[in-house]
Each structure stands twice: as C-alpha cells, then as structure tokens.
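Input sequences plus hints: build the corresponding full structure.
2 protein chains.
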Amino acid sequence: MNHISDYLTQHKDRFLNELIELLKMPSVSADPAFSQDVLDTAEKVKIALLDAGCTTAEIHETAGYPIVYGERIIDSDLPTVLVYGHYDVQPADPLELWDSPPYEPVIKKTAEHPEGAIYARGACDDKGQMYMHVKALEFMVKTDQLPCNVKFMIEGEEEVGSDNLEIYVANNKEKLKNDIILISDTGMIANDVPSVTTGLRGLSYVEVQVTGPNRDVHSGLYGGAVANPINILAKMIASLHDENNRVTIPGFYDKVEELSQDERAEMAKAPFDLEEYKKALDIEAVYGEKGYSTNERNSIRPTLDVNGIWGGYIGEGAKTVIASKAYAKISMRLVPNQDWKAITELFISHFESIAPKGVTVKVTPHHGGQGYVTPINTIGYKAASKAYETTFGKKPIPQRGGGSIPIVALFEKELESKTILMGFGLDSDAIHSPNEHFGVWNYLKGIETIPYFYQYFTELSN
Amino acid sequence: MNHISDYLTQHKDRFLNELIELLKMPSVSADPAFSQDVLDTAEKVKIALLDAGCTTAEIHETAGYPIVYGERIIDSDLPTVLVYGHYDVQPADPLELWDSPPYEPVIKKTAEHPEGAIYARGACDDKGQMYMHVKALEFMVKTDQLPCNVKFMIEGEEEVGSDNLEIYVANNKEKLKNDIILISDTGMIANDVPSVTTGLRGLSYVEVQVTGPNRDVHSGLYGGAVANPINILAKMIASLHDENNRVTIPGFYDKVEELSQDERAEMAKAPFDLEEYKKALDIEAVYGEKGYSTNERNSIRPTLDVNGIWGGYIGEGAKTVIASKAYAKISMRLVPNQDWKAITELFISHFESIAPKGVTVKVTPHHGGQGYVTPINTIGYKAASKAYETTFGKKPIPQRGGGSIPIVALFEKELESKTILMGFGLDSDAIHSPNEHFGVWNYLKGIETIPYFYQYFTELSN
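Residue numbers (my numbering), protein chains in the order written: chain A, 15 to 476; chain B, 15 to 476.
Please note: incorrect hints may appear among the correct ones.
Heads up, the list lumps identical chains together, so a pair's fine if it works in one copy or across two of them.
Result set (EDC-like, lysine to aspartate or glutamate): computed pairs, CA atoms no more than 16 Å apart in a straight line [as the list claims (entries may be wrong)]:
| no. | residue 1 | residue 2 |
| --- | --- | --- |
| 1 | Lys355 | Asp177 |
| 2 | Lys293 | Glu126 |
| 3 | Lys371 | Glu289 |
| 4 | Lys459 | Asp206 |
Honestly, the hints are just simulated from the structure, not real lab data.
In structure tokens form, the structure reads like this:
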C-alpha cells in the first residue's frame with residue numbers, strides 16, 4: 015500500500031467534513047418521527063459509495079428501511095470482501111445530558127483523544143466506523159491498489175433488530191457471495207492496545223406489562239388492599255437475580271459455554287485497570303455475577319438488565335395514585351450456544367409464572383439474535399492481525415466483546431463465510447449514551463489499516 | 015329547615031351549572047403550567063362565597079397558592095362552624111384514559127348514578143364537595159335560617175401537601191376560632207348506606223433516586239459488570255415488603271395502634287362485597303398484609319406504595335442502554351400514633367442502608383401529615399348523625415377512611431377543635447383517576463343534609 019500516509023494527510027480535512035455532514039442527519043430508526051431522515055441518509059450513503067469507487071450502488075427496498083448495496087468487482091477469480099455496516103443510529107435522548115446538540119457535530123480535544131474527537135450521535139456507532147471503509151475504498155481505487163473485489167451492505171435497522179436484513183440476506187445469497195465479511199462496529203482496548211473482537215454476545219429484548227386494577231386508583235382508598243403493579247413489577251424484576259447475581263430463570267444457564275481455566279487465564283492477560291474503570295464511571299464498586307471478573311462478566315457471561323421502566327405518576331410533585339399498569343424493557347445478553355429464541359421463551363414462561371394473583375402480565379418480544387465466536391486460526395483473522403501490526407506496530411489482542419451484532423451469526427449461516435470484527439472505537443466513546451464521540455486519530459487509523467487487510471487477505475487467499 | 019326540598023328543586027339547574035363552570039378551571043396545584051388557572055379559581059371561589067351570603071370574603075396570600083377566607087358572623091354568642099375545603103385538583107394525566115376531556119364537564123348516567131354524574135377532574139375531590147357547603151350556606155342565608163356563625167377556609171394546595179396552610183393556620187388562630195370544623199373531602203359507603211369518616215390515615219410521601227454509572231452506558235459493553243440502577247431500585251423496592259406483605263422498615267410498626275377484636279368485629283359489620291369489589295377493579299384477587307381483611311388493610315393498617323417509577327429508555331422500540339439514574343415516588347399511608355416525620359426519617363435511613371455498593375441513593379421528602387381519629391360521642395358527631403338520619407332516613411355508619419387529609423390533625427392541635435368528615439362521594443367516583451365523577455344525587459343530597467348539621471349542632475351546643 016503505497017502513499018496511504020500521504021493520501022491521508024492530503025485528504026484528512028475532507029474525510030472529516032464528509033463524516034460530519036453524514037452525522038448531521040438524525041437517522042434514528044427506533045422513532046418514526048425521523049423516518050424521512052433515515053431514508054435521506056440511505057441516499058447519501060449510496061452516493062458516497064459511488065463517489066468512492068463502487069461501480070454499482072443501489073437502494074434496496076425492504077419492508078422497513080432500505081439496505082444500501084454497492085460493489086466493485088474487478089476479477090471474479092480474486093477473493094471478495096463483503097463490508098457490513100449500518101447508517102441508522104440510536105435515539106439521542108436524554109437530550110439534556112448532551113454538552114452539544116447530538117446532530118450538530120463538533121470536534122473537541124479530550125484526555126483520551128488529544129487529537130480531538132467528533133461528538134455526535136452515530137459518530138462511532140456506526141457512521142464513523144462504517145465510513146472508514148468507504149474512504150479506505152476510495153484510497154485503494156484512486157491509487158489503483160484495490161487488490162480484490164468488494165461489496166458493501168449498509169443497513170438502516172441495526173439499532174432495532176435487523177429484522178428485514180435477515181430476509182434480505184436469505185433472498186440474496188448469490189449477490190452477497192463473499193470470502194470474508196468485514197465489520198467495524200465494535201471497539202478496541204486502547205489506542206496503544208489494538209484488539210480484534212472474536213466473540214459477540216447474543217441478545218433477547220422484551221417488553222413487559224403488569225396490570226393491576228383496571229384504572230388508576232387513589233392510593234389512600236386502595237393502598238395496601240390491592241396489588242400495586244409497580245410494586246409487583248419491582249418484586250418480579252428483583253426475583254430475576256439471586257443473591258449471587260445469577261439469573262434465576264430456570265434453564266437460563268443450561269447451554270452456556272463454560273470456558274476452561276486456561277482460556278480464562280488467557281483472557282485475564284488483557285490489560286485492565288479496575289480502579290480506572292470505576293473512576294471513569296464514578297462508581298465505588300463493580301457489581302455482577304459472583305465468581306467472575308469484570309471482563310468476564312461483560313463478555314463470556316450472560317446477563318439480564320432492565321433498560322427502561324415506567325409507571326404511575328412521573329411528573330413534577332406528588333400524586334397519590336396506584337397505577338393500573340407498570341412497564342419495563344428488559345434485555346438479556348447471551349453467550350454462544352444460548353439460542354435467543356429459546357431464551358425468550360424461557361423468559362416469557364418464567365415471568366408469567368411468577369406473577370402473583372391480582373395482576374396480569376403480558377410479555378412482548380422486541381428482537382434478538384445469536385451470539386458468535388470466531389476462531390483465530392483463519393486467514394481472515396491472520397490478515398487482520400497483520401494489518402494492525404503494520405499500522406499500529408504491534409499485534410492486536412483477540413478479545414470477546416460484550417455487545418451484540420445479531421446479524422453476524424446469521425451471516426455465517428446464510429452466506430457460509432466468517433466475519434472479522436475490526437473495531438477502532440473505545441469503550442469510553444459513549445456509544446448509545448449522551449456525548450457519543452469518535453476519535454479523529456481512530457477514524458484516520460481505521461482508514462489507514464483497512465487497505466492492509468485487503469492486501470494481506472488477498473495474498474493469504476492465494 | 016323549611017323549604018329545603020323546594021329550594022333545591024327550584025335552583026337545582028343553577029347549582030349544577032355553577033359547579034360545572036368551576037370544574038372547567040384546571041386548577042392543578044402540582045404543575046406550575048397551571049398556576050394562573052389556580053389563581054383564577056381562587057378568585058372565583060371568593061366571589062361564590064360573597065354571592066352565597068358571606069359578609070366578608072378575602073384572598074389571603076401565602077408563599078404558595080392563596081387561601082380563600084370568608085365568613086358570616088351573626089352573633090358572637092352562637093357557635094361557629096369552620097368549613098374547610100380545597101379548590102385545587104390532582105393532575106389529570108394520563109389524559110388518554112379519559113372518556114371526555116377532564117376540564118369539559120359532562121353529565122352521564124351510570125349504573126351507580128342513575129340520576130347522572132358530573133364527569134370532570136375535581137368533580138368529587140374536592141370542588142363538588144366543597145361547593146355543596148357554599149350552596150348550603152346560600153340556602154340558609156336566603157331563607158333566613160342560618161342558625162349560627164360560619165367561616166370558610168378554602169385552600170389551593172391540598173393536593174401538594176398543604177405546607178402553606180399550616181403556617182396560615184398557626185398565624186391566624188384567632189380569626190379561625192371555631193367550635194367545630196366541617197369537611198366534605200371523603201366518601202360514604204353507598205347511596206343507601208350513609209357513613210361518617212371517623213379516622214384518616216397519615217401520609218409520608220418521598221421521592222428516591224438511585225444513581226449508578228455517571229452516564230447512561232451501553233448494555234452490551236457494561237451489562238452484567240456494573241450495578242444497573244433500575245435493577246437495584248427494583249430490588250430495593252421489593253425488599254420493602256416481606257413475604258406477608260408487611261413493611262420491612264425497622265420500627266415502622268412500633269407505634270401502630272392495634273385494634274381490639276371487638277373493634278375489628280364492629281368494623282367487619284360494614285357492608286362489603288369482596289366479589290363486587292374485585293369485579294369493579296377487574297382483578298382476580300385482592301392483595302395485602304396477611305391477617306387483615308380488605309377493609310382493614312385500607313383503613314387501620316399502614317401501607318407503602320410506589321406511586322410512580324421511571325428510568326432508562328421509555329420511548330417506542332428498544333434501546334440497549336443501562337441508565338445512569340432510576341427514580342420512584344413512594345408514599346406511605348400511616349395510622350394514628352405513627353408520626354409522619356419520624357416515619358419519613360425511618361424510611362430515609364433504611365433506604366440508604368439497603369443500597370448496595372456501586373450505587374448512590376438520594377431520598378427527598380415531598381410532604382406528609384398525621385393520621386387522625388375522631389370520637390363518636392361528641393356533639394359534632396351526634397349532630398352529623400342526626401342530620402344524615404333526617405335526610406337519608408337512617409343513621410350513618412362510623413367508618414375509618416384510608417385516605418389522608420393531613421391538615422386535620424393540625425387543626426386539632428392549633429385550633430383545638432374537632433373535625434367532622436361528612437363525605438358524600440363514593441369509592442367508585444374515581445378520584446385521582448381518569449373519569450373522576452360525582453353523582454348529581456350526591457351533590458344535591460349534600461346540599462340538603464348540611465343545613466341540618468348546622469341546626470342540630472347549634473341546638474346541641476346550647
């Protein structure tokens with residue numbers, strides 16, 4: 015890869031400005047209020063792919079938001095890289111906690127990002143990381159160094175479960191045929207500790223509703239005499255963990271892959287400073303399943319977390335009411351071998367079974383996906399490792415991630431190819447949170463590293 | 015009391031229309047957005063008092079919403095009745111559950127109210143019940159039958175804790191001097207089972223906040239590894255009751271008055287149909303403290319209920335976030351001898367003590383008040399009993415109420431007079447709920463009964 019540093023130096027400002035323009039578009043897939051913005055963003059991504067050198071780029075309609083597909087096929091005998099990313103973003107609320115508006119990107123220097131970071135919803139997850147691939151393609155095409163074929167599949171529903179992508183992939187196996195799938199939608203340990211994510215957790219996301227009296231009632235007249243749906247919901251949620259913080263749903267751990275002591279010892283070698291971790295979150299202590307370390311708890315162990323709860327009077331002041339209904343959104347992160355549909359069923363039947371008389375319970379599954387583990391002895395992993403070694407000066411650490419990209423397991427099943435997760439964000443980038451950001455250094459480092467992956471993958475494929 | 019029936023027949027439509035005009039004013043004291051409406055309502059009440067025959071009616075400013083004071087003193091040797099009521103109302107939300115807009119009163123016939131009921135926020139609590147007293151005065155004055163002196167004290171902060179009324183009462187003891195306090199802000203058992211409330215529960219209302227990480231974080235990256243404030247809040251709330259649904263706060267029951275078996279047997283004679291109660295609320299079973307009946311649970315026993323809970327993502331769809339903060343509004347109904355300030359302190363120290371490491375907890379007291387029990391061997395109670403007997407054809411049943419009028423205990427302490435609680439609403443009137451209403455029959459029956467109370471109280475005082 016000749017001239018990549020020069021090319022970056024020359025085009026750095028434009029690369030940043032193009033990303034900033036993309037970040038100005040509030041492509042929130044979860045909220046119908048933003049539907050036109052989501053559609054506009056798809057169009058913008060299509061044009062960016064054509065500008066970067068795709069010979070074809072198309073908007074493929076689905077039952078939901080469209081998939082942007084692009085490709086540059088140079089020789090059918092050469093390997094094909096399929097890049098997956100998403101152009102939709104998480105909702106930005108709570109808005110009042112943002113230091114600058116989520117769709118008015120600004121670059122600010124921080125301790126972790128002395129060269130500055132772009133602050134905006136989607137900066138890291140996933141517009142910034144997806145756009146690195148577009149700009150890497152531009153570099154390879156413009157300098158005539160693209161060593162293989164490339165396909166892009168950029169979706170608009172990753173943050174709401176990728177339901178329509180599943181159908182799209184199943185119906186377009188031939189079009190999407192590839193030798194390796196490349197995704198940047200995860201993070202790395204630190205700017206001087208590159209890592210490649212070799213595992214992802216699965217997900218089951220449900221919403222629960224507990225109904226007591228058929229109407230809100232006065233807490234003086236009915237207090238203590240009828241089941242209060244909020245108290246009951248709290249009790250039911252509390253009962254989902256035991257005193258060791260293990261999930262109490264019968265069968266929940268049945269298929270959980272137990273790592274050997276050797277594997278756990280290997281994992282424990284990754285650099286991690288508990289005091290810094292606590293300091294960064296401003297917490298006095300960590301909290302989780304007994305018998306596991308923090309890094310194990312957020313990667314190789316399944317979890318159950320309430321993501322939202324509401325019921326009764328939540329306005330200013332006081333209202334002495336017993337609500338008719340209380341609600342919660344609950345998600346479970348799953349590990350390989352836990353089937354998300356089976357776990358969802360286990361949750362539903364357990365949650366219904368623990369409801370006391372006097373309330374009724376409704377559980378609605380939102381979405382989910384399987385966990386994933388990738389081996390490190392493949393040419394895909396080796397190419398990635400070599401690419402990092404070239405640009406970072408050191409080999410990346412293989413690391414299990416705690417997040418979920420539900421579609422990865424599906425890719426393997428439907429397209430019969432492995433996925434390489436080259437993430438360039440940091441855990442502190444506040445994805446899904448107020449003040450999400452992405453380091454300028456990380457953005458450019460990604461653009462610099464990706465072309466080497468193409469080069470080594472093509473070489474190793476021979 | 016001559017001609018009361020005739021007077022009612024003649025003025026019934028006007029009495030209803032005047033109340034309807036009052037109900038159109040959204041005097042929500044809890045929400046600053048309605049502050050002008052609250053002030054306008056005070057002004058309207060003042061004019062209504064003058065129109066009804068008060069010789070003086072004044073708006074008395076406080077640090078919050080004003081108190082409307084009116085009086086008609088006919089002879090300082092005669093006894094004085096002090097009428098207390100409130101012109102503020104509970105918030106109307108959730109608005110979507112109202113069948114008609116809360117501030118556009120309509121009269122509809124129901125099974126319980128074959129003569130129709132007025133549907134509006136405040137119809138029963140307390141504008142309708144308060145206005146019965148204004149119209150009863152009008153009758154007595156216009157027909158020259160007022161047998162004693164009367165004072166009105168109508169406040170605008172009952173629904174938010176009456177903080178400023180406390181100060182007002184303490185500072186105006188001479189002005190408010192009286193022989194009996196008369197309040198209609200409770201209910202009766204049924205239209206053919208009149209009752210007088212002889213006890214009220216006290217109240218302690220607090221808001222709690224649980225903070226985990228210093229920002230919302232991604233549930234994939236941090237799930238299972240840090241304390242989730244919503245899960246912790248649920249666990250803390252759940253732990254506030256034991257398996258017998260008794261409150262677990264140490265010392266909570268220490269001063270609770272235990273009724274004798276005889277007293278409980280007497281209470282159990284009040285007509286009550288558990289099947290109808292469950293049917294009206296659409297619940298399969300009642301729920302509450304072990305060893306007590308429904309009517310005991312909601313009157314002579316203290317309770318702890320969550321009135322509102324919120325945290326995390328509560329919008330449409332799914333967001334995989336772990337919230338930084340979770341909140342709940344919690345109220346405790348207290349029984350006589352439980353001091354609300356002491357109970358609030360017990361709650362705060364207990365709640366803080368059960369917070370696990372990894373979260374911080376803040377408890378903010380909202381308001382509270384003492385419980386109250388009134389004896390039935392006073393001339394006030396006897397006058398009320400006789401008044402009901404005259405207009406209902408049967409003696410009222412003395413009944414402990416589950417609600418709280420925190421100011422009643424204060425009246426006794428500061429003004430050294432007893433309170434008679436003549437309520438004409440029904441439990442099914444949905445006060446504090448959507449579709450609050452007040453029977454037209456009940457409204458008119460109140461106006462008919464109140465003048466007899468004045469007559470008998472004056473006679474018995476001699």
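Query raised in the report: Checking against the hints above, which ones are violated?
Result: none
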